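Peer 1: Spelled out from the first residue to the last, the chains are:
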Amino acid sequence: MSTNATALNSGPKIVMRRQALVLSGLMSAASAMLIGSMLAIWLQFRANAPLRESSDGSKMLRDWLPENIKIPEVATNTMMLTFVITCVMVQWASYSSRRADSKHTTLALAVALLTEIALINAQIAVYMQMDIGVRDSSYTMMFYAITATMSVLIVIGLGFTVMTMFRSFASRNSDHDLVLAHSVYWYSLAVIFATMWFVVYVQK
Amino acid sequence: MSAIDVNSAMNNSGTLSGISFFSKISSWLLTTSHQRIGRLMVSVSLLWTIAVVVVGVVLDVERISSVSDLIDSTSATQLFSIFRIGLIFGSITPMTLGIALAIAPMQIGSQVLAFARAAAFGAYLWFFGMIIVGVAYLGNGGPGGGDPQMVDLFLLGLGLVIAGLLLVSASIATTILTSRRAGMTLIDAPIFVWSSLVTTVSLVLTLPVMAGALIFVAVDHTYERATFGATDGVNAWIGWALTSPQIFLLAISSLGVLAQIVATMNKGKQPLRGGLFIGIGVMSTALIGTVTQSFYSLQLNSELNDIAKNLLPFLMFNALPMLGLLIVLGLCLLAMKNEKAKPSGAFVLAFFGVGMVLTGMLGNALLRISDLKLSNTVFEEAVLIYIGYGVVLSSFGAIVHFGPRIWGRKMPTMPVIGLGLLGVLAVVLAALPYYIAGFTDQPAARMTGELGDNSQIWNSAAAIGQAIFLIFIFAFVGLVVKTSSSGEIADEENFETVQAN
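Quick mapping for you: the protein sequence lines, in order, are chains A and B. Just so you know, the working numbering puts 64 at position 64 of the first sequence, and the rest follows in order with no gaps. Just so you know, the working numbering puts 135 at position 135 of the second sequence, and the rest follows in order with no gaps.
Note that these hints are calculated values from the structure, not bench results. Mixed in with the good hints there might be a few duds.
Anything over 12 Å on all C-beta distances counts as not near chain A; from chain B, calculated [to be verified]:
1. Y124
2. V204
3. V217
4. E224
5. A226
6. F228
7. T440
Interface residues of chain B toward chain A, partial, derived using beta-carbon atoms under 7 Å [said to hold, decoys possible]:
8. V112
9. A114
10. A170
11. A173
12. T178
13. A211
14. I215
15. F216
Predicted model, so just to flag it, every value in this text is computed and none were measured. Ideal Cβ positions, reconstructed from N, Cα and C, are used throughout, including at glycine.
With the hints as extra help, turn the sequences into a complete structure.
Peer 2: Below is the structure:
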């Protein structure tokens, strides 16, 4: 007997509930606006800094970065590279999670956690090598404010990684959205850091 | 109490009547019900509204006579500041977010709020942040305050407020984006939901910008007190968030409330419904004010080239959001005309609330015309009062309209209409005299010296307006409390209309 005549049409498509992913996107946007606004103020102060002669007298420079401050380029460039490695690791986690491979997901997240700790370590190394005080000048005050804010965002991401890793460790294979949300946060953090790295550490 | 909370309460104790007083209190304080979190936010924001209006009364009474010495000049500076900060961060922002928390999930068919605990945490961050802000003000620690430690405390409190509002906004936006009932696209969502989404996303994008400036100011104030201007730098660096066009963003949900009420009155029939979405979207262009943090003025008494050069940014920053409001208002009036709908109490409050916001936006456009020389006069304060109190009026309209969905009882139409008209009279009396006094160069945020008889008249009228607004709020709250417990029971039809477009 044919059931075609009496069969009901399929119901409306169920809305995908990717709450973690959407929240992560919103928080990433908020983080970008936060650091973006701080960089804008940084650039404004740098542009308005008075001019001074360079040490060899050949050109005029903005009197922004105090002469006695040397930015440790090895440590800051290492931070940038560590962010790239972190992005690869979270992508590995996301790839594994999509295939319900909790072992690989956990391993990838554990490696990502290590690289994130390395980021914090590198930031502390930068502070120690520069050896400057918050009160020394406008530059140092703003330097600490913006880099410490970035570090707070990294620590939040670190907590996010720990939570995602433990859930993966407990074989919650249905948590792909969470792993994806974690990836989105770290990708956006990498882009935000890259911008800050270029303005604060490269352009100075 | 939502269905979920009723069930959990009954599971724990077997019967609702068996719940002890303390467990009832803790069930409210630790709730994850979106309705309860929203109602808590609205209730506390009402307290802040009352506090702010009391400050407004004191300031306006003090201004009446140049020999009056109710408050000294230091306190006056702090009171002018707390009026602005309290109105924006203590009253209208949490009130609009609280209403969105309580209503938007129901309208999209979601039983729960996304990340409800984060929203509750955000609500508490805001609550305690505002307490810290209030304490700092009491200790002379607001912007321009004389006690450095209290200023640090103020900056901390404001940071908590921003973090709290950000969390609540993100939770509402996530709920609307992810938890709509099957088959409901964003374009099918009720117009109030759309306005809530636009408001919350706008706040998610703009509050961090304020936080960024606040971090610099706080670090500077704690360690150096030179680069960002110490206590006086607070207003200089975050002042943009306390004035137009940023405050236009807080009025977006007022448009949603009005359009929702009109749609319900017309049983969902709204000509050019997409236009409402566009109008609300156009109003959100006020976001770009966050990026530039500048005022775009127009000088009419200059070369034609200069006028043409300044006209576009002037219109973009000051007139474009107004265009969005006019689109929504026009479409709502069109819907009313077509259906010959009978105005309800909620409509009166929401309609005049939006009208007050429009008057404030018009005033803002005039303020930015340099030739009129209205900057730094009380005209600026009147713009804030029109917009801030307008949002309060329309939020009250939302409470009247959506309240029956929450506590199951209707509010009586005639008393609400009467109260609404009283509220409108109060806002006009509180703000319009300052529009006039602005043209006579009465300075903003200062106690006035010898100003002559006319200024006394305007200041007296404004003080009376503030006092009437205070009475209006008390009367409205009283009416809500009374009808929520002993009012006429709302029928099922009323429930259904809440979800109408």
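Peer 1: Once the closest CB in chain A is found, is it more than 12 Å from T440 (chain B)?
Peer 2: Nearest chain A Cβ is 37 Å from T440 (chain B), so the label holds.
Peer 1: Closest CB-CB distance from Y124 (chain B) to chain A, is it above 12 Å?
Peer 2: Correct as stated: the minimum Cβ-Cβ distance to chain A is 19 Å, above 12 Å.
Peer 1: Does the CB of A170 (chain B) sit less than 7 Å away from some CB of chain A?
Peer 2: A170 (chain B) check passes; min Cβ-Cβ to chain A is 5 Å, inside 7 Å.
Peer 1: Minimum Cβ separation between A226 (chain B) and chain A greater than 12 Å?
Peer 2: violated (7 Å)
Peer 1: Against chain A, does V204 (chain B) keep a CB gap of more than 12 Å to every residue?
Peer 2: Its Cβ does come within 12 Å of chain A, the nearest being 5 Å, so this is violated.
Peer 1: Using Cβ atoms only, decide whether V112 (chain B) comes closer than 7 Å to chain A, and label the hint accordingly.
Peer 2: violated (10 Å)
Peer 1: Hint check: is the beta carbon of F216 (chain B) less than 7 Å from a beta carbon of chain A?
Peer 2: holds (5 Å)
Peer 1: Going by Cβ atoms only, is I215 (chain B) closer than 7 Å to chain A?
Peer 2: holds (5 Å)
Peer 1: Please verify that hint: T178 (chain B), Cβ, nearest Cβ of chain A, below 7 Å or not.
Peer 2: Check passed: Cβ of T178 (chain B) comes within 5 Å of chain A, closer than 7 Å.
Peer 1: For the hint on A173 (chain B), does the least C-beta distance to chain A fall short of 7 Å?
Peer 2: holds (6 Å)
Peer 1: Would V217 (chain B) pass as off the interface with chain A, using Cβ distances and a cut of 12 Å?
Peer 2: Not fine: 9 Å to the nearest Cβ puts V217 (chain B) too close to chain A.
Peer 1: May I ask you to test the interface hint for A211 (chain B) with respect to chain A, counting a Cβ-Cβ separation under 7 Å as satisfied?
Peer 2: Cβ of A211 (chain B) sits 6 Å from chain A, so the hint holds.
The structure is inconsistent with the numbered hints 2, 3, 4, 5, 6 and 8, although it conforms to all the rest.
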